[in-house]
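Chains as they are written, first to last, in the working numbering: chain Y, 1 to 311; chain E, 1 to 241.
Everything labelled a hint here was simulated from the structure, so no lab data went into it. Positions of the beta carbon are idealized from the N, C-alpha and C atoms, including for glycine. Among these hints, one or two may not hold up.
[Unchecked claim] Taking lysine-lysine pairs in the DSSO-like style, the calculated list, with each CA pair at most 27 Å apart, reads: (1) Y:K219 - E:K33; (2) Y:K137 - E:K233; (3) E:K33 - E:K203.
[As the list claims (entries may be wrong)] One side only, chain Y facing chain E, incomplete, derived with CB under 8 Å: (4) T78; (5) G85; (6) L136; (7) Q140; (8) T212.
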Amino acid sequence: MNPAPSVIFFTTLSGLGYGLAFWLAVARAFGTIPADTPWFGAISLGVALALVSAGLLSSTAHLGHPERAWRAFSQWRTSWLSREGVAAVVTFVPLGLLWLAWMLGATGGIWAFVALVGAALALITVYCTGMIYQSLKPIQAWATGWTTPIYLLFALMTGAHAVAALAAWFGYGASWQASAALILTVVLAIAKFMYWRSVDTATPFSTPESATGLGRFGKVRQLEAPHVTENYITREMGFKVARKHAAKLRMIVYAIGFGVPTLVAMLILISGPSALLATIGVLAAMVGAIAERWLFFAEAKHAVMNFYGEH
Amino acid sequence: MTSLPATAPIKKLGLVIDLDTCVGCHACAVNCKEWNTGGEMAPLTDLDPYGAEPEGVWFNRVHGYEAGDGANGRTVHFPRSCLHCETPACVTVCPTGASYKREEDGIVLVDEDKCIGCKLCSWACPYGAREFDETVGVMKKCTLCVDRIYNETIPEAERVPACVSTCPASARHFGDLGDPNSDVSKLVAERGGYDLAPEFDYKPTNKYLPPRERMPSAPAVAEAAGEPQGLLKWVDRMLSI
Chain Y
1 MNPAPSVIFF TTLSGLGYGL AFWLAVARAF GTIPADTPWF GAISLGVALA
51 LVSAGLLSST AHLGHPERAW RAFSQWRTSW LSREGVAAVV TFVPLGLLWL
101 AWMLGATGGI WAFVALVGAA LALITVYCTG MIYQSLKPIQ AWATGWTTPI
151 YLLFALMTGA HAVAALAAWF GYGASWQASA ALILTVVLAI AKFMYWRSVD
201 TATPFSTPES ATGLGRFGKV RQLEAPHVTE NYITREMGFK VARKHAAKLR
251 MIVYAIGFGV PTLVAMLILI SGPSALLATI GVLAAMVGAI AERWLFFAEA
301 KHAVMNFYGE H
Chain E
1 MTSLPATAPI KKLGLVIDLD TCVGCHACAV NCKEWNTGGE MAPLTDLDPY
51 GAEPEGVWFN RVHGYEAGDG ANGRTVHFPR SCLHCETPAC VTVCPTGASY
101 KREEDGIVLV DEDKCIGCKL CSWACPYGAR EFDETVGVMK KCTLCVDRIY
151 NETIPEAERV PACVSTCPAS ARHFGDLGDP NSDVSKLVAE RGGYDLAPEF
201 DYKPTNKYLP PRERMPSAPA VAEAAGEPQG LLKWVDRMLS I
């Protein structure tokens, strides 16, 4: 699949934003970060909401008609993309209110409830994002039970490193932040390893033989393509440039995306909160997330290419 | 509305494509392009049409395959277009309601005024039936010539999809596959018509008829038995010196 930059940035940035919002809201709800911290609340939750907004805006960049994007809120009964849009908008309500309350110094118990609702909705939105991909049967590498959990884990992992960094900058660094970041990074690295092993060894769900129904005669090869130049289908679904660099890119995901953040989180746990270290952690985690998301698209084969004789 | 019709359409208009008789001439694809670039889904935009790398939107693409090896191998011409599935994922994934399946005849269409061009429907289709029009910014697809088949301003004999009307080999048939007594349903039953990529369970309406069994080879001409006699024997002997 063609890795459109707008979709890569949307899913990674909004994932970071929702993950950060989740941890901030949870911390606020359980009082692990004090409520009377207007500057910290305004800036860190503001950053989270800005990241989400930037992601959502960039996702409209690949539309043929961005001005009609409002229509995408209508088909939540059947479409995960529509559900994602609705969830994204609804999530702004509790998180936006929490942001105002935090900034204005409101400390009532109701805000703990609002924070928890916001945290839950942030995860629901990321869940919908994952399900958009997981529900597409023609893309075998996406239609697995790993897809949505990995989207959620990336949001929570990058968000945990981000909250560790922001809290440390404001002097609220605490070991729970680095612990959450460490555990999630390790869990995600294992999940990603298992995912890659499963897609690498999977038998194809659909083949040129089953697609054309000509398998009854034996192996099917394309003799004549229907068109001499590229078309929308071959450019969008037949993207192959990246596959030759896949092994190197996977190593980058492991080393920079998982290795560096793991080391950083361990160092913080040993030597105490460090804004600089935590910032390195979140930057490395994001480099890994972007590389991983790029591979998620570039490595995925679409079943329509069976008609073009690609085994 | 991108929910599928509550009750499955009784009428299932679709195509039956005979892979035994298709000669791969691309006339169906060309006539489709010709009709539809002025029809319901118009235009079918071309990019760089007179340049070195022309490309554009087509609803029908004709592949050529080699299947199998040796004496049992076949060369098969294979037109590929929207199959107007009974449970099309391209419809249910649509976030705007632009993509829909008609309750009255099962045709899958796109409302171009609602389409935001997110391309998700094309990702959901394993048959490559939907193509994005870069110029108009919306998805385009086969309409089963909905603007011909019900068109009372053209002669009745022409009220079939453009691809069917033009096929010089009569390899394309149009009709109601929901009616077991229709000509197309009988043809499917008789020839063992099948679904493409049935593993996706989208239940295509269009059916493909497989290439027929090979005719047994005619016996070789028997060699004249025995040695030549008489004059021929003498000629044979003279020429053999």
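For each hint, the structure was consulted:
A distance of roughly 32 Å separates the Cα atoms of K219 of chain Y and K33 of chain E; the hinted pair therefore is violated under the 27 Å criterion. For the hint linking K137 of chain Y to K233 of chain E, the alpha-carbon distance of about 76 Å lies beyond 27 Å, and the restraint is violated. About 26 Å separates the Cα atoms of K33 of chain E and K203 of chain E, which keeps this hinted pair within 27 Å; it holds. Checking T78 of chain Y against chain E: minimum C-beta separation of about 4 Å stays under 8 Å; hint holds.
The beta carbon of G85 of chain Y is positioned within 8 Å of a beta carbon in chain E (closest approach about 6 Å), and the interface hint is therefore held. Satisfaction of the interface hint for L136 of chain Y is found here, the shortest Cβ-Cβ separation to chain E being roughly 5 Å, below the 8 Å cut-off. The restraint placing Q140 of chain Y at the interface with chain E is violated, with a minimum CB-CB distance near 10 Å, outside the 8 Å limit. For T212 of chain Y, the shortest C-beta to C-beta distance to chain E is roughly 6 Å, which falls under 8 Å, so the interface hint holds.
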